[in-house]
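Student: Residue strings, one per chain:
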Amino acid sequence: MFKKILIANRGEIALRVMRTCREMGIEVVAVYSAADRTAPHVLFADEAYFIGSAASSDSYLKYEKILEVAQASHSDAIHPGYGFLSENTEFAQKVSEAGIVFIGPPADAIKTMGDKTMARQSMLLTDVPVVPGTEDPIEDVEKALSVAKEIGFPVLIKAAGGGGGKGMRIVDSAEAFESAVGKAQRESQSAFGDGRVYIEKYLEEPHHIEFQVIADTHGNVIHLNERECSIQRRYQKVIEESPSPFIHAELREQMGKAAVETARSCNYVGAGTVEFLVDKYKHFYFLEMNTRLQVEHPVTEMVTGIDLVAEQIRIAEGKPLSLKQSDVSVSGHAVECRIYAEDAANDFVPSTGTISMLQIPDGPGTRFDGAIRQGMEVTPYYDPMLGKLICWAKDRDSALNRSERALREFYIGGIETTIQFCRSVIGHPQFRQGPYDTHFYALHKEELHTELSTATDEVMLVAGGTLHTHQDRMKHSSQKAGAGESSRSNWVSAQMGRQKQ
Amino acid sequence: MFKKILIANRGEIALRVMRTCREMGIEVVAVYSAADRTAPHVLFADEAYFIGSAASSDSYLKYEKILEVAQASHSDAIHPGYGFLSENTEFAQKVSEAGIVFIGPPADAIKTMGDKTMARQSMLLTDVPVVPGTEDPIEDVEKALSVAKEIGFPVLIKAAGGGGGKGMRIVDSAEAFESAVGKAQRESQSAFGDGRVYIEKYLEEPHHIEFQVIADTHGNVIHLNERECSIQRRYQKVIEESPSPFIHAELREQMGKAAVETARSCNYVGAGTVEFLVDKYKHFYFLEMNTRLQVEHPVTEMVTGIDLVAEQIRIAEGKPLSLKQSDVSVSGHAVECRIYAEDAANDFVPSTGTISMLQIPDGPGTRFDGAIRQGMEVTPYYDPMLGKLICWAKDRDSALNRSERALREFYIGGIETTIQFCRSVIGHPQFRQGPYDTHFYALHKEELHTELSTATDEVMLVAGGTLHTHQDRMKHSSQKAGAGESSRSNWVSAQMGRQKQ
Amino acid sequence: MKYEINSGAHSLQVDFQSEAGRLIINTDDASLNLEAVEVQPGVYSVIMNNRSFVVGVACNGENRVNVNGTPISLELLDAVHLHLRELGWDSLKEVKAGLISAQIPGLITKIFRGVGDEIVEGDPLFLIEAMKMENEIKAPVSGIIQKISVSEGQTVEKGTNIIEIG
Amino acid sequence: MKYEINSGAHSLQVDFQSEAGRLIINTDDASLNLEAVEVQPGVYSVIMNNRSFVVGVACNGENRVNVNGTPISLELLDAVHLHLRELGWDSLKEVKAGLISAQIPGLITKIFRGVGDEIVEGDPLFLIEAMKMENEIKAPVSGIIQKISVSEGQTVEKGTNIIEIG
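Chains as they are written, first to last, in my numbering: chain X, 1445 to 1945; chain C, 1445 to 1945; chain V, 2 to 167; chain E, 2 to 167.
Chain X on its own, in the form it takes in the complex:
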């Protein structure tokens, strides 16, 4: 039994892990950078250690320092969260060597699944279907082209060393192939320090559907059904739900079995996610396995009632899974909306500043996994995700109604967020109707953003009237303080002055 766990992360995932630790009676140790002295994960923790300057490379990625802290604080285990060091084989190994438990899969499983071509090769030895494509990274462009022709265009060029859409290219014809490979390799090299790319069949109307698996050290492996993750922009997930509105019971069973087989194939231990692509004909293909807790894991927790972090910890303590495959039952429907500090109306440019007012939705079936508070500054140093809103209800329609209600009640003042964008997506008739595929955003981009920029007469009058009241107040208060007019008016005067000259 662990007594103390160090969480090698920040933001919402650090809080998420700490919550379960505390419920299990385990003390939590936070690490923080210079930018995070008063971040929620520091305030929340039992212990907190400074590990370096704001840049991740000097703090949250500096694993020697984190390991030192784990030893100094007598932590029994380290939970890496997602991102940062969560899929770093070397870190996992060093932690184990130091006699501290790494809450995650064995280094070998991270290694196998972390490299996409290695993962593909390993999956080809199983019964799990894999998207047709090259087995090795492209070295000889000519040979790759002949494979591409065999698969049939369009094909997809993808980076072997990382994800997030970087180093990815869709190629429609043989003519464009060589140049696209070159671009993908350069982009991949600059993004991941690894220029290797491979090619894959480009699927029609693909759905991104993933299965949650958990495996213990006693050879038990089960899956906890799927999450539909096809709503993406910039290759990043925006909204996830479970069950998927696309797949049926039989397919679910087949894919679940494939997910378990995938985990078994790499001797997986812990919580992991097997990602599949499912095409319009409901054929599914292994895409990749994420060897960590996923951002969207709460969706699964809400429909199964299982605490995935608790399972991770129990597994890491060497205990058997708390349930069998036949114990897993899904109740109702859950939807997650990711809330980013981004200006959706302005090409999702990150937004920083102080949160002047915060109203987090709550009430029946409403969960927010976040790490924000009123008065807090959102800095430009880390991932712009502020948190995730997860709504559960008895069926999909009710869960979407609940999500709309909760998003409507969500208020974050002082910075721009994707709250309204999520409202646009959830309110979109095509999404409402389901199924939708990964092209949803590209297909409906214009409508989704038009809605962001249209206001009714009533809203314009309210906005204009309030702005007027505000400017009037500011003017009076600055006059009182001895200053002149408002800065806006000053600017106007300056302009008028210039014009006169």
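Think of the hints as simulated: they come from the structure by calculation, not from any bench. It is possible that some hints are incorrect.
[Unchecked claim] Pair by pair, the computed Cβ-Cβ distance ranges are: (1) Glu1891/X with His84/V: 36 to 44 Å; (2) Arg1917/C with Ser1921/X: 23 to 31 Å; (3) Asp1771/C with Ala1886/X: 38 to 46 Å.
The beta-carbon is built from N, C-alpha and C at its ideal position, and this holds for glycine as well.
Take the given structure of chain X and dock chains C, V and E to it, following the hints.
Tutor: The following block gives chains C, V and E in isolation, referenced to the frame of chain X:
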């Protein structure tokens, strides 16, 4: 189908009702007093109408005014929440007469169950057991004494016209009887404008266990299992849970049937609660029926997955219940902690002021039904309940662990609250072990409050060090601003000056 | 006093009168009564003809107002501005459009063009890295680059002027 | 500088030294390093020897400090007070105890005793109604009522002096 509902209430219950309305696509109308212009329920609503000054009697109880607003706003229905006008027969009647739907039971059912002796008399005609006692309010003290002797001392004297412990007396002997009746009558008169009292058998180690019922206009009545409400102080519930750790399946079924029979006996329609006392021998007795939504209704929602407000609205629209008795299944365990703006260490005296910092717990299985925000003022005009923390988990132990975690993470700065008191109760071994009865608070009062006032060395050093830092900062900032020392130091100087004289 | 409220292609002519802490808004068809109470700096609880709104006026971008969680672009022109526009001088948009400043603090990783270059609206101007993402900033207007105020590798604060197109 | 920290019956002697934004706390057995950063007025994020706390110092009641959500009674006595006490003059407690002020704003519905009455600690003094509840305020010390500053039916603000026992 309702298009617009007026919520004749404020605070957390107004928000609770509005949330479900919005999920059902129904617009919500708020009413507010002068003290509540920027209260959460006003900010949350689609429409908001000013109805009078801060005193409830001039605003939230002024039903003519509320009815006017309902008509002016073209509201289809009025939801009264709990408290205020929720059990006012006249209001219910006037609303119906105005052609607006009152979301609650028929006026007759409110009338029957609102008067405790009338309710007793009505229940004596059914198979539901009632606590032995007088059938009519006491008029002849001699006659009442002979009934008391027949039942056997100790007996309980209770007010016929209201609850909350006012007008209640436990009498141990015949000698003390007459004087106790007089006191109870006077207290009852001053509290409820109704001096009638009646007597009941005083039960040994009684448990306060209530059953949620819902009934539609088509004659369907079902129950949604029990809530254990034995943790009380000042006769007010503090912590509720479901299922009860005291009753077993067979008893649950018997009591459930009795609850349904109770609802049928008064032709009940809507959501209601049948309260029972269960003694140490597991005999149960009808106590009273609350003809409204109960504060602790979320506990039932969390274990059954049913939205009680949605059911209320569906029933009011004339629709049949969305489920049958056999569809009701309980999953896991839920615990509610009531968070009051009260100083628990100081005899629960109400605490008012500005909420300087607010951190509401969240995450898996954690729901907060509240109506507070950082920067908001807590005024002395209304009920001091800030909200309710409800935690769900797969079993009682996990739900209590989760509640402890959530309470630990709850931070309300600037006012005193019962958060720490709830932590003391939930951490108490007797509560942990369950079952407990209504004497729990009285029995363990000292331990519960001792824990509130003991600090470890570490906590004292942190507190002292921070206070010193704070005073130092205040001193420097006031020096900068041209003032002298801190007010505390000034006071000391003044004292020293006086001593010198 | 006369005002014009603009949002996107939509425009409303209104008359504002302050009265006992409230604002009377007159349009061609209606008279509205607005009461805005500040609940946090820059965030107001607004009741207009018994309709309730939460309105944020101090969001990122001067012309952005947030109504019930929905950000909208808004331009409020007073008599002075309206008069200037009648004279054919739409200063506000011109000057704002030509000066590109950093909307986020971050690291300038790449500047694509130089002073004197001719730019077409939509041309990439520079890359700024923040929150682990690279953001490409495009030209909001066509014109000639008059000035570049930063260099590659420089960390900039929010609001720093980067490029001026004239 | 020497201080004494008191909470209930518990007492600690410490030495505080400010140093580069931190506070060095020396006790008989240990030396601790405390850093308190204000996150909201009166609320601090405190890290003491790598242990993390949220501490509120501006709660109701001057002697109340809230540590991780737990309110504790606290008295921090500096050298001046310690010296006064050595002289046998425990002013702080005496004066505070004898003056009863309203801890909540509310309506005084009943005053049980009059000026000159002898009071025993725990005697009910007055009733104050707030938040729909009647609260009985008891005498914190024994003594004679010196002064009553309010009358029945009066609404009082928080902090209003009600009764003085001497």
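Student: Would you mind marking each hint as holding or not holding in the structure?
Tutor: A quick look at each hint next to the structure:
no.	hint	in the structure
1	Glu1891/X with His84/V: 36 to 44 Å	holds (38 Å)
2	Arg1917/C with Ser1921/X: 23 to 31 Å	holds (26 Å)
3	Asp1771/C with Ala1886/X: 38 to 46 Å	holds (42 Å)
In this structure, every one of the numbered hints holds.
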